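**Student:** Chains C and S, in that order, give the protein sequences.
Note that UniProt numbering gives residue 85 to position 85 of the first sequence, counting from 1, and the numbers run on in steps of one.
Note that UniProt numbering gives residue 102 to position 102 of the second sequence, counting from 1, and the numbers run on in steps of one.
Among the clues, some could well be false.
[Stated by the list, open to error] Each pair of labels, with its calculated beta carbon distance range: (1) S:L35 with C:I264: 29 to 37 Å; (2) S:R273 with C:A310: 31 to 39 Å; (3) S:R243 with C:L124: 40 to 48 Å; (4) S:F10 with C:I264: 29 to 37 Å; (5) C:Y307 with S:A69: 29 to 37 Å; (6) C:V201 with S:L259: 31 to 39 Å; (7) C:A310 with S:L28: 33 to 41 Å.
[Stated by the list, open to error] In the EDC-like style, the derived pairs of lysine to aspartate or glutamate whose C-alpha atoms are separated by at most 16 Å in a straight line are: (8) C:K18 with S:D109; (9) C:K120 with C:E135; (10) C:K18 with S:D141; (11) C:K72 with C:E222; (12) C:K194 with C:E176; (13) C:K158 with C:E65; (14) C:K19 with S:E269; (15) C:K19 with S:D108.
Treat the hints as calculated values from the structure; they're not laboratory data.
Please read all numbers here as calculations on a predicted model, not as lab measurements.
Glycine residues also receive a C-beta, built at the ideal position from the N, C-alpha and C atoms.
Letter by letter, the chains look like this.
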Amino acid sequence: MSTLTRTEASQASSARNKKRLTAFLFVVPLLIFILLSFVAPIASMLWRSVHHPTVATLIPLTLSELQRWDGKTVPDQQTLNVFAQELHSLAKVRESGKLAEEINRASAGMSSVVKSTARKISRLDSQQLAQQGGEILLKSHRKWSRPDIWFAIQRAGKPYTYDYYLTALDLELDQEHGIQVREDTQIYLQLYSKTLSMALVITIFCALLGYPLAYYLARLPENRANLLLVLVLLPFWTSLLVRTTAWIALLQTNGVINSFLLGIGVISQPFEMLYTSFATVVAMTHILLPFMILPLYSVMRGIDPSYLRAALSLGARPIPAFARIYFPMTLPGLSAGALLVFIISVGYYITPALVGGTDGQMISNIIAFHMQRSNNWELAAALGSLLLALILLLYWLYDRFVGASNIKLG
Amino acid sequence: MSKIPAYYGFWYHLGSWLLKTSSWLVLLFLIMPILVIIPLSFNVEPFFSFTEGMLTFQPEAYSLRWYSAIFSDDKWLLAIKNSFLIGFFATLLATVLGTCAAVGLARDDMPMRRLITALLLSPMIVPLIITAAGMFFFYSDLGLAGNYLGVIIAHAALGTPFVIITVTATLTGFDYSLARAAINLGATPLRVFFDIIMPLIRPGVISGALFAFITSFDEVVVILFMAGPQQRTIPRQMFSGLREQINPSILAIATLLILMSIVLLITIELLRRRATRMRGIEQIE
């Protein structure tokens, strides 16, 4: 074989580059669209979880005064005077509530202290505050003489912070001990582990229900299996809200299941099933089951039944034959289905919100709570980022073992 | 089951009986909740359960009152209009961008294919609550929250992965010599795309579009966070209905949605068969 000349090589390489460019140009419009409409919003959320300049813009002078503070005693008179003046001017423009909320996040219970002090101070004039602001402050509430409060204010004033991640992981930064486990409220780690264990339970249920059905369908003649697959695909295509509504109708205290059981006399008292984690698990298993059945079925269809027959005719007992010959061949489908179900259920919001009550809430619901009710958007962003990291890890595993482009639809 | 050879014993028969029974129970579990909704939507009483009269099939226990309630309520009518409007434009955007990208991704000389595919499919994987939260911040700053444009863009982004998947599926095994032949015969690249590639991938494009439409039509989390009261869609209206005052008009709209999904299911199945037929060459191999 003759070697290529230099010109031939460069021509081939430029032709190849041109082809690569053409292929890439097809993708560019969507790539830009996804980067702007989807990736940028999520990136801005990640940014928000570490960048929070609100306090820094509200009380800039106090914060620069606090730089001289030793951190062990009450800040000096001048710092307190400056803070009193800044609080005064914030109260005048009705911004002191914002500051109260921010300081409250850093040190619980401070909201009312800041608000009442602001009310008191707003009646005085700023000349007086420049002289005696500190004394007035210390007199108005004894918490102002506690160094840990000032430490909290100083931390809240940092525009770049990892505090929300500490909160999201149930940790806190103590002035003396450094980072340590929060003593009073440990909610988020518990919620993460509850979410993961619920997702695991749902995945196991989906596997237990989906595997036999997929196996049964895979052994039927193709046209008959296609007919029965409609019963799997119809729920898959039916609106999520419709399926959730159906479970509300079924599980209610005076719903279909309770009326039926009462009617035939099995129970004398209706079960409380709706608004529990039981309801979340049942409804989500129902909703996600097709995601397990479809990949399992397509893998099982491709397995030649003669392998199992050969094992049996050579004298293997049915159960070991199944476990050692057939089951390993279905593992690609099982892992694809299980990972997909697990990924989807970890981030689920709608169904737990509607049927879960307080008991069946998952991590998504607390994120929504902080977005809509408590307006702690930074904490919502930090909790969301942790969830995103978890999902991306699972997605990476999925891409590695199954291949992202192998996701089957119907 | 008559073809079972003699070396399969009693346990095998018991096993296959158990398999059959449990499979039918699972099928029942899948379909029963959906079937229960349909008769309940004709309930004359404002309950979510069967009344005495319904169980004894008395005609006066059934009525169409919840259906007429929907079609005389401005909120529901607006929601129905919004769902189709947003769904239509989101689908259009997702299908055009997604088809184009899938054609590029299916080419052998696509650089960084794996990374780009994973990125473009990620809207399907990232939990909706995270997408919705991020979009809420970002779109508000751009003035896109609380209007149709923002919701359409958001839904289009969520729908594109499905278009990519279905179109890529029809492109595997695509014979590029057809396109090369057309170019050799003097066709412009645009003509090659519309006259040669498009007819072959059309089933994939249409089923991708249907997926994108149903994604938008069914989506509620982004709507909850981003849409104003003017952009309330059917699922959004159902969501607040289920949270606030539960009444069977939700069951009536649910029944209509079930009918719609049956029509969609049939369409997709027909398209799938057509796609397999059109790629007949591949099946001979």
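**Student:** Hints first: check each against the structure and report whether it holds.
**Tutor:** Cross-check of the supplied hints:
1. Taken as a hint, the range 29 to 37 Å is violated for the pair L35 of chain S and I264 of chain C, whose Cβ atoms sit roughly 20 Å apart.
2. The supplied range of 31 to 39 Å is met by R273 of chain S and A310 of chain C, whose beta-carbon atoms lie about 33 Å from each other.
3. For the pair R243 of chain S and L124 of chain C, the beta carbons lie near 47 Å from each other, so the given range of 40 to 48 Å is met.
4. Between F10 of chain S and I264 of chain C the Cβ separation comes to about 34 Å, which falls inside the hinted range of 29 to 37 Å.
5. Checked against the given bound of 29 to 37 Å, the beta carbons of Y307 of chain C and A69 of chain S, roughly 58 Å apart, lie outside it.
6. In this structure the hint that V201 of chain C and L259 of chain S lie 31 to 39 Å apart at CB holds, the actual value being about 33 Å.
7. Our hint of 33 to 41 Å for A310 of chain C and L28 of chain S holds, since their Cβ atoms are close to 34 Å apart.
8. A hinted pair counts as satisfied when its Cα atoms are at most 16 Å apart, and K18 of chain C with D109 of chain S qualifies at roughly 9 Å.
9. Distance hint between K120 of chain C and E135 of chain C is fulfilled; the C-alpha atoms sit about 13 Å from each other, no more than 16 Å.
10. Simply put, K18 of chain C and D141 of chain S have alpha-carbon atoms about 39 Å apart, too far for the 16 Å limit, and the pair is violated.
11. At roughly 78 Å between alpha-carbon atoms, K72 of chain C and E222 of chain C are farther apart than 16 Å, so this suggested pair is violated.
12. At most 16 Å may separate the alpha-carbon atoms for a hinted pair to count; K194 of chain C and E176 of chain C exceed this at roughly 32 Å.
13. For the given pair, K158 of chain C sits about 14 Å from E65 of chain C by alpha-carbon distance, which is consistent with the 16 Å threshold.
14. This hinted pair does not check out: K19 of chain C and E269 of chain S have alpha carbons roughly 35 Å apart, beyond 16 Å.
15. Taking the CA atoms of K19 of chain C and D108 of chain S, the gap is near 9 Å; set against the 16 Å cutoff, the hint holds.
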